[in-house]
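As you go down the protein sequences, you meet chains A and B in turn.
Per my numbering, the very first residue in the first sequence carries number 5; after that it's consecutive.
Per my numbering, the very first residue in the second sequence carries number 4; after that it's consecutive.
Any given hint could turn out to be false.
[Said to hold, decoys possible] Listed below are several chain B residues computed to face chain A (Cβ distance under 8 Å; list not exhaustive): (1) 47; (2) 48; (3) 49; (4) 60; (5) 64; (6) 86; (7) 98; (8) 105; (9) 106; (10) 107; (11) 108; (12) 111; (13) 112; (14) 113.
Since the hints were made in silico from the structure, they are not lab data.
Here the structure is a predicted model, which means the values were calculated and not measured.
From the three backbone atoms N, C-alpha and C, an ideal C-beta is built for every residue, glycine too.
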Amino acid sequence: SVLTQPPSASGTPGQRVTISCSGSSSNIGGNTVTWYQQLPGAAPKMLIYSNNQRPSGVPGRFSGSKSGTSASLAISGLQSGDEAHYYCAAWDDSLNVVIFGGGTKVTVL
Amino acid sequence: EVQLVQSGAEVKKPGESLRISCKGSGYSFTSYWISWVRQMPGKGLEWMGRIDPSDSYTNYSPSFQGHVTISADKSISTAYLQWSSLKASDTAMYYCARQELVAFDYWGQGTLVTVSS
Chain A
5 SVLTQPPSAS GTPGQRVTIS CSGSSSNIGG NTVTWYQQLP GAAPKMLIYS NNQRPSGVPG
65 RFSGSKSGTS ASLAISGLQS GDEAHYYCAA WDDSLNVVIF GGGTKVTVL
Chain B
4 EVQLVQSGAE VKKPGESLRI SCKGSGYSFT SYWISWVRQM PGKGLEWMGR IDPSDSYTNY
64 SPSFQGHVTI SADKSISTAY LQWSSLKASD TAMYYCARQE LVAFDYWGQG TLVTVSS
């Protein structure tokens, strides 16, 4: 994938987990980042938009940030219900497509 | 309540044609683009393309250009994804999503397409 994410991340209940998303000047560097959560067997759901904005209904435990050509998603107070795949996405000006990261599977130990 | 409801699962043979649908409700269908996203078994998300339902202008990913067609009928608030000749490699879950700028804020439940001889 053009956006690089770690394939997995884990933590115990209550811990903080951070997922990185690395891109380039043609995508993250010049455009906003969106984060999606995909629970097992479900459709993806928008978690963070415009780098760090939470849609209504998304708990404050989820936060996003962006710096240069990288972005990150932080989950604080990790819960068993947070076990899911998480994807970052951005528009790529060179490819003229929306690109997704490869996804990170979060496991709650 | 915004909803995108997709058509049901399909089982097809290689070479057959197929059209799947995505019906929007609870919002002005012509005010937002609709995108289609593929998810192959056990894999990540891939953006296929999008359509502006107000004028049916489309924009495809080069990876899918020429192999699929995206269309819409604004009179019934429905977008479509179609294939003229399916391949086994088209086996995947397909999602439609409402696009707000570059974010997909609402998603359909997905349509599983299985292509097998």
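- Query: Among the hints numbered above, which are violated by the structure, and what are their numbers in rising order?
  - Reply: Hints 4 and 6 contradicted; others consistent.
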